[in-house]
Amino acid sequence: MKAKLGMSPIAWWNDDLVELSDDVSLEECLRQSRSAGFTGMEMGRRFPNDPKVMLPILKEADVTLCGGWFSGTLVNEDLGRNKDRIQPMIDLFKAVNAPCIVYGEVGRSIQGDRSKPLATKPKLTDDEMKAYSRRVTEFGEWCADQGMPLSYHHHMAAVVETEPELDAFMRHSGEGIPLLLDAGHLAFAGGDVLRAIDNHHKRINHVHVKDVRMGVIDGLDRTKQSFLDAVALGAFTVPGDGSLDFGAIVQRFADYGYEGWFVVEAEQDPKKNPPLKMAQVGHKELMRVMTAAGYTVETQGFPA
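Numbering (full-length UniProt numbering), first residue to last: 1 to 304.
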């Protein structure tokens, strides 16, 4: 089985918490990640939107674009508006041969609002979840028809956060919307990562290997503290530096024959947790558990 290891630039620059950002260029971010062994990088705010500009930067760094976040609003806006907003991203991702676009629901979400405590996260009724799941499925099918598959990202402080919410979304949606399994977000929400892989492995097409510091999470007052407060306090980190057993998690993916990207996404304070050092820690741990699970990790970056 083959696997690819990528990173998210959120370790270097945080889109929601500017204070958690290093003043480093895109080129330096890519250089550090590649030097740690990663062959892919998800898109961040310092990436150019023109493939003619992006491709030479990726080639120079010897990395590929392995995904990127789209802020979807299908829970409270129509398909047409979301199609219009995602079309330029589809065109860009096709031009640079990215594997998928990560769909993150921001409609009604409090994930980016530091004034909203975790306990006030939005919740859908059963009928709302059914309608929402069908709408996201239709959107996923349309994106795939345009030549770019989506990967649905369950997320803290959003309408699909908990394991029961994820199960309901998966039950009412269809194969037209694949799943991104994020170990850290599911663990933060109190879910069982291995059980979620068991239940939904057939639809998983992208994986975020985000680790958590359960001591930080357990110490939160969810009636007063927000998702961004938790991030600032250090709730997330890289594999090998947190509380999750990635040996067991990666083995479970291997048991089901998953092949594809495992992406480290670990937003935290770069001054307390230097991104290059953390990238090295994460890569070392992933190589250890990938090898034990029987994966061959691809080492080629930008296509020859």
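There's no promise every hint is true.
[What the hints assert, rightly or not] Calculated cross-link-like contacts (lysine to aspartate or glutamate; reagent style EDC-like; alpha-carbon spacing at most 16 Å): (1) 202 to 245; (2) 83 to 145; (3) 123 to 175; (4) 130 to 165; (5) 94 to 138; (6) 123 to 163; (7) 284 to 255; (8) 202 to 175; (9) 271 to 22; (10) 284 to 218; (11) 130 to 198; (12) 272 to 19.
Worth flagging that the hints you see were computed from the coordinates, not collected in a lab.
Here is how each hint holds up against the structure:
1. 202 to 245: Violated, at about 22 Å.
2. 83 to 145: 12 Å, holds
3. 123 to 175: 23 Å, violated
4. 130 to 165: At roughly 11 Å apart (the allowed maximum being 16 Å), residue 165 and residue 130 satisfy the hint.
5. 94 to 138: 20 Å, violated
6. 123 to 163: 13 Å, holds
7. 284 to 255: The given pair, whose Cα atoms are some 22 Å apart, is violated under the 16 Å limit.
8. 202 to 175: Distance of about 9 Å is within 16 Å: holds.
9. 271 to 22: Holds, because 8 Å separates the two Cα atoms, which is no more than 16 Å.
10. 284 to 218: With a Cα-Cα distance of about 27 Å, the restraint between residue 284 and residue 218 is violated, given a limit of 16 Å.
11. 130 to 198: This hinted pair is violated, its Cα atoms lying about 22 Å apart.
12. 272 to 19: Holds: residue 272 and residue 19 sit about 12 Å apart, inside 16 Å.
Consistency note: the structure conflicts with the earlier hints numbered 1, 3, 5, 7, 10 and 11.
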